[in-house]
Amino acid sequence: DVKVTQSSRYLVKRTGEKVFLECVQDMDHENMFWYRQDPGLGLRLIYFSYDVKMKEKGDIPEGYSVSREKKERFSLILESASTNQTSMYLCASDREGEKLFFGSGTQLSVL
Amino acid sequence: AQSVTQLGSHVSVSEGALVLLRCNYSSSVPPYLFWYVQYPNQGLQLLLKYTTGATLVKGINGFEAEFKKSETSFHLTKPSAHMSDAAEYFCAVSENNNDMRFGAGTRLTVKP
Chain A
48 DVKVTQSSRY
58 LVKRTGEKVF
68 LECVQDMDHE
78 NMFWYRQDPG
88 LGLRLIYFSY
98 DVKMKEKGDI
108 PEGYSVSREK
118 KERFSLILES
128 ASTNQTSMYL
138 CASDREGEKL
148 FFGSGTQLSV
158 L
Chain B
5 AQSVTQLGSH
15 VSVSEGALVL
25 LRCNYSSSVP
35 PYLFWYVQYP
45 NQGLQLLLKY
55 TTGATLVKGI
65 NGFEAEFKKS
75 ETSFHLTKPS
85 AHMSDAAEYF
95 CAVSENNNDM
105 RFGAGTRLTV
115 KP
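As given, the protein sequences belong to chains A and B, one line each in that order. Numbering follows the working numbering, in which position 51 of the first sequence is assigned residue number 98; successive positions increment by one, without gaps. Numbering follows the working numbering, in which position 28 of the second sequence is assigned residue number 32; successive positions increment by one, without gaps.
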């Protein structure tokens, strides 16, 4: 069964902390994505990657960075967490033009 | 970049009634269009997608959507709503097979 695995289901961090969210897919997909989901705003694209070491900014990249050193792993980094980054973070992957496979999400709370 | 507008953040229908969820997109090239559904406390799953070819696309659970280029629309319909259709529905657009943008979502409520 295909799988996108996010390392944490719930995470609580303090303002100013550096936060790492990890995502691993086992489907050999080229594309990987990080979204945040907020009520009334839907899913907003933070960053995506279409190949190893390649990354593209999405619509809301400010305050975030990403790393893709291996094809199966795509990490989202919050350099200095702030309360407005409290959200559900969703990782996804796909092969070009096919459907997205989503992880189960990480609910991040920044206090 | 491409974008999606979903008209109506909440839609309420009676069981057995027609479901119509509206989606308009903006894209500089022929788009790929998708509808995803998120049931309560679950992840997103694909309902249907349009890439090329036939403009009327059939998906799972009796849903279908029609791509209308002249109207830049991709509305989702189902002839008869079931209680189990209550969920949040997201329209999404991809321009170059590499990135996908989602709309804000429409929450569907089905009344008995």
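These aren't lab readings, by the way, just hints derived from the structure by calculation. Among the clues, some could well be false.
[What the hints assert, rightly or not] Simulated crosslink set (DSS-like; lysine-lysine; CA at most 30 Å straight-line): (1) A:Lys117 / B:Lys62; (2) B:Lys115 / A:Lys50; (3) B:Lys62 / A:Lys102; (4) A:Lys118 / B:Lys53; (5) B:Lys72 / A:Lys100; (6) A:Lys104 / B:Lys73; (7) A:Lys65 / B:Lys62; (8) A:Lys118 / A:Lys100; (9) A:Lys100 / A:Lys60; (10) B:Lys115 / A:Lys104; (11) B:Lys62 / A:Lys100; (12) A:Lys50 / A:Lys100; (13) A:Lys117 / A:Lys146; (14) A:Lys65 / B:Lys73; (15) A:Lys50 / B:Lys73.
[Stated by the list, open to error] Chain B side only, calculated, beta carbon under 10 Å to chain A, not exhaustive: (16) Gly12; (17) Phe38; (18) Tyr43; (19) Gly47; (20) Thr59; (21) Leu60; (22) Lys62; (23) Ser88; (24) Asp89; (25) Ala90; (26) Phe94; (27) Ser98; (28) Asp103; (29) Phe106.
Please read all numbers here as calculations on a predicted model, not as lab measurements. Cβ atoms here follow ideal geometry from the backbone N, Cα and C, with glycine treated the same way.
Q) Holds or violated: is there a CB of chain A closer than 10 Å to the CB of Phe106 (chain B)? A) Since the shortest Cβ distance to chain A is 4 Å, the answer is holds.
(Q) Let's test the interface hint: is any C-beta of chain A closer than 10 Å to that of Ser98 (chain B)? (A) holds, 7 Å
(Q) Min Cβ distance, Leu60 (chain B) to chain A: is it shorter than 10 Å? (A) Violated. Min distance 19 Å.
Q) CA of Lys117 (chain A) to CA of Lys146 (chain A), is that 30 Å or under? A) holds, 21 Å
Q: Return the status of the interface hint for Tyr43 (chain B): holds when the least beta-carbon distance to chain A is below 10 Å, violated otherwise.
A: Nearest chain A Cβ about 13 Å off; hint violated.
Q: Decide if the proposed pair is consistent with the structure: Lys72 (chain B) and Lys100 (chain A), CA atoms, cutoff 30 Å inclusive.
A: violated, 37 Å
Q | Agreement of Lys50 (chain A) and Lys73 (chain B) with the hint, judged by alpha carbon distance not exceeding 30 Å | A | violated, 34 Å
Q) If you take the shortest Cβ to Cβ gap from Gly12 (chain B) to chain A, is it below 10 Å? A) violated, 12 Å
Q) Taking the closest Cβ pair, is Gly47 (chain B) under 10 Å from chain A? A) Nearest chain A Cβ about 5 Å off; hint holds.
Q. Holds or violated: is the Cβ of Phe94 (chain B) closer than 10 Å to a Cβ in chain A?
A. holds, 6 Å
Q.
So, as I understand it, the hint says Asp89 (chain B) touches chain A; can you test that by seeing if any CB pair is closer than 10 Å?
A. Because about 19 Å separates Asp89 (chain B) from the closest Cβ in chain A, which is outside the 10 Å limit, the hint is violated.
Q | Proposed interface contact between Thr59 (chain B) and chain A, which counts if any beta carbon pair is under 10 Å | A | violated, 17 Å
Figure legend: structure checked against the earlier numbered hints; hints not met, in rising order: 1, 2, 3, 5, 7, 10, 11, 14, 15, 16, 18, 20, 21, 22, 23, 24 and 25.
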